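Here the sequence shown stands for residues 1 to 619, where the numbers follow UniProt numbering.
If you are wondering where the hints come from, they were derived from the structure by calculation, not from laboratory data.
Source: prediction; values computed, not measured.
Only true hints are included.
Here are the simulated distance ranges between beta carbons:
id	residue 1	residue 2	range
1	Thr174	Asp431	45 to 53 Å
2	Lys353	Pro153	49 to 57 Å
3	Ile211	Lys251	45 to 53 Å
4	Lys175	Ser124	28 to 36 Å
5	Lys353	Pro247	27 to 35 Å
6	Ser181	Arg369	43 to 51 Å
7	Arg131	Ile103	40 to 48 Å
8	Ile219	Pro247	43 to 51 Å
9	Pro243	Arg458	47 to 55 Å
10	Ser239	Thr536	41 to 49 Å
11	Trp126	Ser204	24 to 32 Å
12	Ser518	Ser364	46 to 54 Å
Cut-off 35 Å, straight-line C-alpha distance, at most; resulting in silico cross-link-like pairs (DSBU-like, lysine-lysine):
id	residue 1	residue 2
13	Lys175	Lys533
14	Lys395	Lys478
15	Lys334	Lys478
16	Lys523	Lys537
17	Lys334	Lys399
18	Lys478	Lys545
19	Lys537	Lys361
20	Lys159	Lys251
21	Lys530	Lys433
22	Lys497	Lys545
23	Lys272	Lys250
24	Lys559	Lys478
25	Lys433	Lys529
26	Lys353	Lys399
27	Lys537	Lys514
28	Lys497	Lys537
29	Lys272	Lys302
All C-beta atoms, glycine included, are put in the ideal place defined by N, C-alpha and C.
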Amino acid sequence: MESVVNKAYMAEDQPRYRFDPREKYSGSSPCSSDEYSSYSSENDQGQIFRSSSRSPGPPATRSPQNLEGHQGSAEMENDKSKEPSQKDPISEGEFLPDDIKQIIGDDPHTKTPATVLIHQSIASRWSHILRNGIPRDELSSLLESLPVPSNLPELSAPKLNPEISEIINNPQKTKDSYYTSLQDRTAAGLSALAQALSVFIVESENLDGKIKDEVLPKIWEAGRIFASLFHRLSMTRRSNILPSLHPTVKKLVLGVNPSDHLFGENLAERIKAKRGIEGLAKRPASPTGEEPYPGSREVIRKAFQRQGIPESALNTTLNSLSEGTIRQYGITYKAWWSFCESIHESPFNVNSKSVILFFEKLLSSTTNRFNAFNSHRAALSLISDQPIGRNMLVKRYLKGIFRQRPPAPRYQTTWDPQIVLDYLETTTGSDLKAQSFKLVTLLTLATGQRLQTISTIRIPNITMSAEGARVRISDFIKTTSPNSAQPCLHLPFFDAKPSLCAARCLQTYIELTKDLRSTDSDKLFVCYKKPHKPATKQTLSRWVKETLTSAGVDTTIFKPHSTRHASTSAADRKGLAIECIRKTAGWTSKSTTFAKFYKLPLAQTGNFLHTVFDQSEDN
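Take these sequences, add in the hints, and give me the full structure.
If you want it as structure tokens, here you go:
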């Protein structure tokens, strides 16, 4: 019988097992403490028991009887046939009865994850998409080719309820739009699976048995998983918005499943039936300045909404402001937003105290003159619930700024247009860049109009005749109003100097660009670089600035808009009637703008010392 001690085998690559006689044994014979001490002492001196066999196995249970008369490993080797083998039920846990295994289950450490192999061509292509995504154009085409089935409208991403959209802030709307786009992609994938499944079902009688048993179930389960993901995205969208809602509204929508709208249908009616829609939402639209600045247009929109303008009329009301005004006011709103954040006030709480503190901060940190503060006043009045511009304290404070930093025109003098005309007279040839620079500069000098007006010229509005060119302005410009006519520019042929004739230059430019102009735009000016998009006002401004610099005008002082000052002042110096100057440049007959800001003397470029010395030498 195999010795119990010899069952205490351990492989050479494992730590050696040192027998401990103090362990509890299942044998029936008693063993005194002296025997244990004697054996322990002997064992500590280095006695290691090993079996001569190399077969692996856990150590067996040891009995005290096996230790009596122990004479070493050789003697124990001869007792293998005398002692029965015993197994420890604790260490031999893998030999569990089936009924016990059914209770406690399989050992999780012995389980290996299931492995699935797919065709390598699929793995290679999907691996690339998983790492790099699908190009935007290709993805758009995919989404368009996989529309929502007409008999499954639930596959369309639920729309955000208008009542909820009114009371959440801009970052929340952006996040919701992002999750909506994810739902749209998921819906496209589900549409593809649904179409494939429909084909299988229709052709079920002709399908191979393997396809029915293996392919069809997997496509069906994939569809269920994607449908669950679609539902989860709807729930995520709701959970992002729910914290911003009043508890009463939250209770109303929690038990309603998404449908065509994220929070169910007829939400307004349900809210009104409960308490009324007013005052039920926490108002993130009245921020304390601690959320990111949303942009000037969004600030104005929120202010109009708070002032009582209906949601459906907001866009129309915003159209009352030009893009230039919105951009200009954006400078004020960005600074105001930061100021309100520092004092923990809502940017829409525009009161006289906050405004005066804000102006005082700008007064100490900038060199702005009264004109800039007047613009700030107009911007803040627009988003205020009260007429802050007419507040007596604010008016008194602005009068102090007027005395401290009085307004001043940008220019005290202007440059002589002849300098630029002499330079343009030498510009010839058919180079598109040179012709573009020349035409826009000639038009500003010949008409005295703003660059904004010049940038709106359209080909259909140009009429050529024997006398010259007639250009009608149809777009909205700065001076457009219900009671004033749109400007019409007259460019007679200038036969005295054909190279400076704006009408001929216009003809040449139209001919040069006729094949470059896109079919979806009829603007006169196009960029001289590919892809030849319509030139904006900012682009024309750069062209004029480069021309003035090349001609010798100091553009560190004089900006592109100074062409308006130079041309109108030159016309006045040469005796042209003021009425004609006003009409040509776009001022009304009663306007004093020219007299105040544009009628300027020439900048003195001569040198007094040289003049005096030259005269003395002549004498």
